[in-house]
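Student: Take a look at the letters that make up each chain.
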Amino acid sequence: MTITAAPPDAADTASFEALIESLLPGGYRLAYAMLQSQPEAEDAIQEAALRAWAARHRLRPGSDPRPWFMTIVANQCRQQRRSRWWSVRKGGDLPEGVQPAPPVEGADLRRALARLSHRDRLALALRYYLDLPFEEIGRVQGISPAAAKARVHRALGRLRLEVPEDLNDA
Amino acid sequence: MHEEEFRTRYRAAVGDAPDELGAVQRAAAVVHRAPPRPERAGAPRAMILVAGALAVLVLAGLLGPRVLRAMPRVTTPAAGGAPRDAPPAAPAVAAVAACRLPVVVGDYRAAAAGQTRDDQSTQPKYTAGFVAPATGDFVADPSAQAGSLPFSRAYVNDNWEPESYDPVLKRWLPARVRQVSPDHHSYLYFLQSPLATGKGSAFDTTSLHVYDVTTGKDRTLWTTHDQIGWDATWESDGIHASTTPGGGGRMASWVVDPVSGTVVPAAPSSPPGPSPAEAVATFSEYGMTKGGQDGTDGAGHPILLEGSRDPGAHYQYFVGGPNGRRIVIHEGTMGDAFDFDPAGFAVDGDRLWSANYDGTAIWLWTEKDGLKRYPLTGVPRHDFYVIPTVVGPCQ
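Protein chains in written order, with our numbering: chain F, 1 to 170; chain X, 1 to 395.
Hints are computed from structural coordinates only; laboratory data are not their basis.
Each hint should be verified, as a subset may be incorrect.
Going by beta-carbon spacing under 10 Å, a handful of chain F positions derived as facing chain X [what the hints assert, rightly or not]:
hint, residue
1, R29
2, L132
3, G157
The following residues of chain X were derived to be distant from chain F, with all beta-carbon distances above 10 Å [to be verified]:
hint, residue
4, G295
5, H382
6, Q395
Partial selection, computed: residues in chain X whose CB lies under 10 Å from chain F [unchecked claim]:
hint, residue
7, D16
8, A17
9, P18
10, D19
11, S242
12, V264
13, M288
14, F345
All C-beta atoms, glycine included, are put in the ideal place defined by N, C-alpha and C.
Can you build the whole structure from these sequences, using the hints too?
Tutor: Structure, rendered in structure tokens:
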């Protein structure tokens, strides 16, 4: 990717870099959990970082920037998935050029996850891949902690119908 | 299946994110080179940008009136919006040996079994009651009913949910502690119109309401075509709320006068919002890489969890103090015998209360005395789908 740069304010840039670099690992992990593809997760996190830069003045005073950034990443993942919706329609086949997910274990569960709605998949990724508290899951999804709990459990219920053998008794 | 079992299967299915370090470094490099207004070279991207700009112009023409309607409205003061009485003094912190702790037990078993929100039988069930730390018994409170109290609704089948117990009103409220007015007379809630079914969440407007429990008067403070965020809080200078356009887009922040309904941007200065340096101070001064925020303490400091939930992983719960100081609540190893797994925190003066996710314990923490465990009984134990939550101070 090539960027034509105008010289930004140095202090502004340095502080934003410090902020964003602390947020990138979590953002990348979320993108990978949502997209199941390293190249696509990289694209998503790069685009999200640029969007965060453009929107940096919208952070509320005193607010935690991480839920804000995770929301940007999640929205970027949704946009990218929409652009390859056909891959889901075809039953989870991966687009050309995308590396297949390496683990054979849990293939049915992966396919079931791919068929969940964006918000359900996001709730599960935030809870079980990023280990976030319900309070923060709610902040990322724009809902209350109680609603976040309900959303996670509803998503589990939908998964259980798809892969009862993986979620027996859950 | 326990939650940890599912987590293990989920992570095995998804796998580890490959080349995390490289991916992050490449993304950081992109940011490093980003100008204030990113203009990326390359024909496809340039074409997309030009097409996007044209689309924006067309949409602006088509949607202009709608956008204007979506601007925040200044509503006229409602009748009964008289200045509030002086706030009653907050009750003193009660002695642990003699107090009762309000707890809501959320049961998500039916919700997990249901497929849509249209089915009333699949709604989560909430049981509100009190736990006496001295005995550890949870006793359901039959008075925890909706009665005439209005509550936030976005879906047709949304039910009343006790979200806090107010120590001044002595009532269960369908609003969180920070959504109650400083004088403890009123609380805020939201309504979406039309209410959504389980198949979608399309709406025309959302409105912010204030309900005065002492007089029974309900006022609509603000109606907008945007989505008002659930995280609105009632602060001393007004109600802080965020909005997102109904079709998605950038979030905006507002302060709403709880008496007049006047809506003003939360950060009217230019440029709005904190500088990136200020934002850095709110997060990275604690040097966190993995974990999340789990509420705030009574002074507004973040309560943070650092570490993963991998069995054997080191974790630390702490209050983020000034200048990067960590005030440690507890640190340990995931899966250790101490079994500290708090389901959120409730502020009680300088104390923090929490219930363990597995329904086995109540926790009390103060900076002075550290963490204390009280056994909990009367709540289903080790049930993946049942979560107890402390929702107010001990009284």
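Student: Min Cβ distance, F345 (chain X) to chain F: is it shorter than 10 Å?
Tutor: Because about 9 Å separates F345 (chain X) from the closest Cβ in chain F, which is inside the 10 Å limit, the hint holds.
Student: Given D19 (chain X) was flagged as interface, is its beta-carbon under 10 Å from a beta-carbon of chain F?
Tutor: Nearest chain F Cβ about 6 Å off; hint holds.
Student: Have a go at the G157 (chain F) hint: is there a Cβ in chain X nearer than 10 Å to its own Cβ?
Tutor: At about 4 Å, which falls below the 10 Å cut-off, the nearest Cβ of chain X leaves the hint on G157 (chain F) intact, so it holds.
Student: Taking 10 Å as the limit, does the beta-carbon of M288 (chain X) come near enough to a beta-carbon in chain F?
Tutor: holds, 7 Å
Student: Against chain F, with CB atoms and a cut of 10 Å, does the hint on A17 (chain X) hold up?
Tutor: holds, 4 Å
Student: Evaluate the condition: distance from the CB of Q395 (chain X) to the nearest CB of chain F exceeds 10 Å.
Tutor: Since the minimum Cβ distance to chain F is about 22 Å, Q395 (chain X) lies beyond 10 Å and the statement holds.
Student: Taking the closest Cβ pair, is D16 (chain X) under 10 Å from chain F?
Tutor: holds, 8 Å
Student: Please verify that hint: R29 (chain F), Cβ, nearest Cβ of chain X, below 10 Å or not.
Tutor: holds, 5 Å
Student: Decide, holds or violated, for the assertion that all CB atoms of chain F are farther than 10 Å from the CB of H382 (chain X).
Tutor: holds, 12 Å
Student: Any CB of chain F closer than 10 Å to the CB of P18 (chain X)?
Tutor: Holds, because the Cβ-Cβ distance from P18 (chain X) to chain F comes to roughly 5 Å (cut-off 10 Å).
Student: With 10 Å as the cut and Cβ atoms as the points, is V264 (chain X) at the interface with chain F?
Tutor: Cβ of V264 (chain X) sits 14 Å from chain F, so the hint is violated.
Student: Is the interface hint for S242 (chain X) satisfied, with its Cβ closer than 10 Å to some Cβ of chain F?
Tutor: Nearest chain F Cβ about 7 Å off; hint holds.
The structure is inconsistent with the numbered hints 4 and 12, although it conforms to all the rest.
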